[in-house]
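Peer 1: At position 197 of the sequence shown the residue is numbered 197 (UniProt numbering), and the sequence of numbers has no breaks.
Honestly, the hints are just simulated from the structure, not real lab data.
Take the hints with a grain of salt, since some may be wrong.
[To be verified] Distance condition first, Cα-Cα at most 30 Å in a straight line; then the derived DSBU-like pairs of lysine-lysine:
#, residue 1, residue 2
1, Lys37, Lys14
2, Lys270, Lys239
3, Lys57, Lys31
All values derive from a computational prediction rather than experimental measurement.
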Amino acid sequence: MEVPTSFTLNNGHKLPSIGLGTFQSNDDPSKVKSAVKLSLELGYRHIDCADAYGNEKEVGEAIKESGVPRHEIFVTTKLVYQVSAYANLLISKFPMPILRAKTTKQSDTQVAMERDYPETWKAMEKLVDLDKARSIALGKTPERTITLISTDSNIGLSNFNILKTKRILEIARIRPAVNQVEIHPYFPQKELFQLSSKNDILLMAHQPLGGRPLDVVRGNPDRPLPTEDPEACKLRAFKGVCLSWIVQRGIPAVPKSSHALHMAQNIQLKRLGEGDLFLIDRLSSQRGPARFLDPSRHLGFDIFDEESDQPVDNQAPWD
Numbered sequence: 001m002e003v004p005t006s007f008t009l010n011n012g013h014k015l016p017s018i019g020l021g022t023f024q025s026n027d028d029p030s031k032v033k034s035a036v037k038l039s040l041e042l043g044y045r046h047i048d049c050a051d052a053y054g055n056e057k058e059v060g061e062a063i064k065e066s067g068v069p070r071h072e073i074f075v076t077t078k079l080v081y082q083v084s085a086y087a088n089l090l091i092s093k094f095p096m097p098i099l100r101a102k103t104t105k106q107s108d109t110q111v112a113m114e115r116d117y118p119e120t121w122k123a124m125e126k127l128v129d130l131d132k133a134r135s136i137a138l139g140k141t142p143e144r145t146i147t148l149i150s151t152d153s154n155i156g157l158s159n160f161n162i163l164k165t166k167r168i169l170e171i172a173r174i175r176p177a178v179n180q181v182e183i184h185p186y187f188p189q190k191e192l193f194q195l196s197s198k199n200d201i202l203l204m205a206h207q208p209l210g211g212r213p214l215d216v217v218r219g220n221p222d223r224p225l226p227t228e229d230p231e232a233c234k235l236r237a238f239k240g241v242c243l244s245w246i247v248q249r250g251i252p253a254v255p256k257s258s259h260a261l262h263m264a265q266n267i268q269l270k271r272l273g274e275g276d277l278f279l280i281d282r283l284s285s286q287r288g289p290a291r292f293l294d295p296s297r298h299l300g301f302d303i304f305d306e307e308s309d310q311p312v313d314n315q316a317p318w319d
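Using the sequences and the hints given, assemble the complete structure.
Peer 2: Dropping the structure here:
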């Protein structure tokens with residue numbers, strides 16, 4: 001059996017197994033445009049971007065100039081304050097309601113601290129009611145004031161842990177189509193995958209190779225990334241094996257790259273044998289799980305806490 005090239009969302013829409021991630025590419029948007037155009041030439045049909053990345057304009061220009069018909073391309077973007085993009089999947093970026101507040105670190109900065117994220121989900125559901133979005137997913141930073149988006153959109157979540165996903169499921173009229181979360185050999189997210197599968201939510205892997213988060217949001221800074229692990233390097237073409245491992249589990253992925261060779265390798269998936277699967281599976285069990293994207297120091301609280309829905313008591317650390 002071949003590795004799947006796409007997955008079916010709970011509303012029947014198709015999502016490609018591998019997409020191009022553009023996170024942390026906003027320092028040079030022109031590179032994003034070049035990478036997107038190249039990815040489409042190589043056969044990619046899923047582009048993952050976000051308003052917060054500052055690259056939606058370049059992604060749109062690349063798609064237009066590529067010559068690939070727009071209906072053949074699946075575009076995911078993420079909600080922060082407002083969205084007016086022509087996207088196929090609209091994701092709520094982080095599980096927090098929007099609170100305009102002044103932090104102790106940045107007293108003049110308006111910081112998005114969305115606590116009442118179920119209300120954001122209800123607002124996103126209204127887009128579906130208005131036929132402005134077709135699917136919903138869990139994502140990174142939601143707000144209840146949402147501008148109208150293209151009629152060809154789906155909606156979902158990202159970076160929602162088990163506790164927060166369950167809270168959404170308690171109030172949702174429309175089940176999330178996707179939850180985009182960190183998944184790689186050091187962080188397989190097996191329990192979240194089981195919950196998602198049981199509730200017909202498709203997990204999508206960002207940072208499928210561990211990523212390289214900025215220092216301010218880097219978790220486990222003393223741990224090597226999967227691509228730097230001596231044990232992992234015993235596997236030939238580890239990056240391709242890693243992506244094949246993720247997709248073979250039933251999880252689409254959006255690896256980021258701007259290098260032609262790496263981009264080409266990332267879509268060359270192959271069916272793995274039991275030996276390769278065993279070697280990758282034991283990386284997290286041998287060393288313990290490691291999350292490499294952790295904004296808790298930056299936010300002042302832990303959005304991934306499975307014991308309490310932080311921040312609690314409607315109170316942020318700087319209030």
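Peer 1: Are the Cα positions of Lys57 and Lys31 separated by 30 Å at most?
Peer 2: Holds, at roughly 12 Å.
Peer 1: Straight-line Cα separation of Lys37 and Lys14 no greater than 30 Å?
Peer 2: Within the cut-off at roughly 21 Å; holds.
Peer 1: Hinted pair, alpha-carbon criterion (30 Å max): Lys270, Lys239. Please report holds or violated.
Peer 2: 12 Å, holds
When held up to the earlier numbered hints, the structure conflicts with none and fits them all.
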